[in-house]
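Number of protein chains: 2
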Amino acid sequence: MTTFIISLCAILMLTTVSGLICRKVQLPEVIGQILVGILVGPALLNVLHMSDSLSLFSDLGIIILMFLGGVGCDLQLLKKYSKAAIIIACMGVVFPVAVMGGVSLLFGFKPIPAAFIGVVFSATSVSISVAVLKEAGLLDSKEGVSILGAAVADDVIGVILLSVMCTLVNTGSVDVAGLGMILLKQVLFFVAAAVVVVWVAPALMTLAGVLKAPSGIAVMAIIICLAMAWASNLAGLSYAVGAFFAGIAVSNSDYAEEADRYIEPVGDTLFVPVFFVGIGLQTTGVDDPKMIVFIVIMTILGVITKIVGCGLGGRMAGFGGASALMIGAGMVPRGEMALITAQIGFNEHVLGSEYYSTIIFIISLVTLVAPLLLKLTIRRVPGVGAVDGVAGETVATVGTTEASETSETSETVSAE
Amino acid sequence: MTTFIISLCAILMLTTVSGLICRKVQLPEVIGQILVGILVGPALLNVLHMSDSLSLFSDLGIIILMFLGGVGCDLQLLKKYSKAAIIIACMGVVFPVAVMGGVSLLFGFKPIPAAFIGVVFSATSVSISVAVLKEAGLLDSKEGVSILGAAVADDVIGVILLSVMCTLVNTGSVDVAGLGMILLKQVLFFVAAAVVVVWVAPALMTLAGVLKAPSGIAVMAIIICLAMAWASNLAGLSYAVGAFFAGIAVSNSDYAEEADRYIEPVGDTLFVPVFFVGIGLQTTGVDDPKMIVFIVIMTILGVITKIVGCGLGGRMAGFGGASALMIGAGMVPRGEMALITAQIGFNEHVLGSEYYSTIIFIISLVTLVAPLLLKLTIRRVPGVGAVDGVAGETVATVGTTEASETSETSETVSAE
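Chains as they are written, first to last, in full-length UniProt numbering: chain Y, 1 to 416; chain V, 1 to 416.
Treat each hint with caution, since some may be false.
Copies of the same chain look alike in the list, so a pair counts if it works inside one copy or between any two.
What the hints assert, rightly or not - With a Cα cut of at most 27 Å, we get these calculated DSSO-like pairs of lysine-lysine:
1) 185 with 134
2) 24 with 212
3) 134 with 80
4) 212 with 134
5) 110 with 24
6) 134 with 290
Don't read these hints as lab results, they were simulated from the structure.
Build out the structure end to end from the sequences listed, making use of the hints.
This is the structure we're talking about:
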């Protein structure tokens, strides 16, 4: 307990300082938080380590972040762009699996471990993008909802791929019955989630509002959030998916703003900084010079495959060039799902321990670059970048032409 | 993680329901929360158990509750009643140690175990009273600050007594040098706490306000809270004492109200319900009929010794009868300190395992009765009970005469 208290206190102090520096140099705050983790963690100073308690707080950080992502998300807009999101997610899985799996083969991996590495890098962790989108006030933009929707679809595909890989590793063949079970569970979860979003959550939130218990709204929002996170985990999906739908469910009630106001400090003060610092804490130093080539190439590919894959997906779904690029950048971060997949690969002896820690290193690097790319691409999106106050005259002019293109294409999407 | 999420979710659901029932039947909400713990815990249904994660949340619940207690506390009033608090604390230690230690001798305990039982029941856990006082809006009444101040003094005395007991058990004599060290640490803590309250915290809070980071005020308040909790633990005191002074420190800045508004939902949504339910969860059923007599007698004595001891202390410090009774009732709850002391006694083989679990049972029972007694005694305090809206014409008349008595005696206190 004492170690935990002082660790948490140190994390909050350091992230406060890093947040101020990031704002000064106009970097997204999450980058500073991940760097803090790398600095104090095993990679450099080696004074702070991930403990069970910090890991618990980190997991709750993801849950709260995704919940707030859902609260800030526009349900109508999300529905409108759901097909676009699925296209983006599929393209964003195909590219990393094909390219990074292929390159792993070139590095001498056998087919199954190579495919496993591809699957590891197919899983987007959108919570990092949620933090950047929130900072920029873009959760309810059409690009924002597409990123969020695509991340959910991505998680669904990722779970299916992971279970295919696991049965392949263990039995040498694909377990069709097992896969059917997984799909059934997922379908059941999404049906249940729809019921909660449309009926259950608004009714519960109204009940909490009528009963006027102290902190009743906040408590009810957290109950819905935890229950949905648990349900999504039961369906084999990550907690983040359930928490995101819980957020959407609460935003569909009359108390969205109130829930957001109460829950945001809960996340900001205790859980979210631990999550981002935790990413850095999981990074270890790499001694082997041979590994560095692998790391550099895979990091670059990790970024490019998502930008190209999801960007192309975005174009296919009818987005303009700048918007598609922003969506691609928003899908770059990898996090808990990639780490879990890598860990499963390690436990199943598909990945050796030296590659396991290397892959974690790559995940950290990719995730470190991602928020920066997202922030840079946001500025180029007309109508959206202007909010940032960075876009000058020229961009604004380009914006007008591109904006008409985007509005035209978004109609194409809704007409699909 | 999955077990934790569903446990937390269940705790929040059950405490929401119990809270509504308690309000309906006009009981303090904490009683409902403790009963929920007894109901679902090992004592009855046996479906929920204390885990490391729940225990962590419970500890943070105490810290946040005491922090909010400090924020709501009036520093000037606390200073004014500090001497009264010390008198109340001393009397509240002498009575349980003498009476409960004596009765333990009659039950056949040897002198050292008997004294240990007395020490166990000398430690007040004021966080429970803080919840009731907060509910009644009485944290900044003169009775409220006396209870809070006395609880701090009580903790100081408790730590000294516990270390005396430990050296007695281990060496058969009192280690004067060790005691001197403990006292020195405590003095250092209180000097540091004074510096934080007067200068450091207000400066840090102002800095957070000027920097305008999102959730900056809340994060800074939590940083101060955790740092002080850690420091008090370093000095051998409970986390609660440090958190309480952190609250006072924040209330001494310009951002007291803002910090309170942000931190209260943090506690209410996640940590505080876990703390109260956790008390119930630690209660186990008692099979042995011989133990029941011991339990009943010790529970009654646990309540009476604090009410009489602290009530007398209150009278000695110049409070009126009703106020003294309220202060006595506010000092009845036992919690983490008593549990820790009992555990040390168990580890040092002073208490057998059958008596260890019995004592935990008694602690739970005493703590269950305490909020009810406090609520009942609050109603009888003139000027204070009237706030409750319960006091009728008669009470109001009595109030006028007693109020003059109290105002007169409170001057005596300040003149001391």
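Hint-by-hint comparison with the structure:
For a Cα distance limit of 27 Å, the shortest separation of residue 185 from residue 134 qualifies neither inside one copy, at 31 Å, nor across copies, at 45 Å. Taking CA atoms no more than 27 Å apart as the test, residue 24 paired with residue 212 passes between copies only; the shortest distance there is 13 Å, against 42 Å inside one copy. In this assembly of identical chains, residue 134 and residue 80 lie within 27 Å of each other by CA distance solely inside one copy; the values are 21 Å within and 47 Å between copies. In this homomeric assembly, residue 212 and residue 134 come within 27 Å of each other (Cα to Cα) only across copies, at 16 Å, whereas the closest approach inside a single copy is 29 Å.
For the homomeric pair residue 110 and residue 24, neither the shortest alpha-carbon distance inside one copy (47 Å) nor that between copies (67 Å) is at most 27 Å. In this homomeric assembly, residue 134 and residue 290 never come within 27 Å of each other (Cα to Cα): the closest approach is 39 Å inside a single copy and 62 Å across copies.
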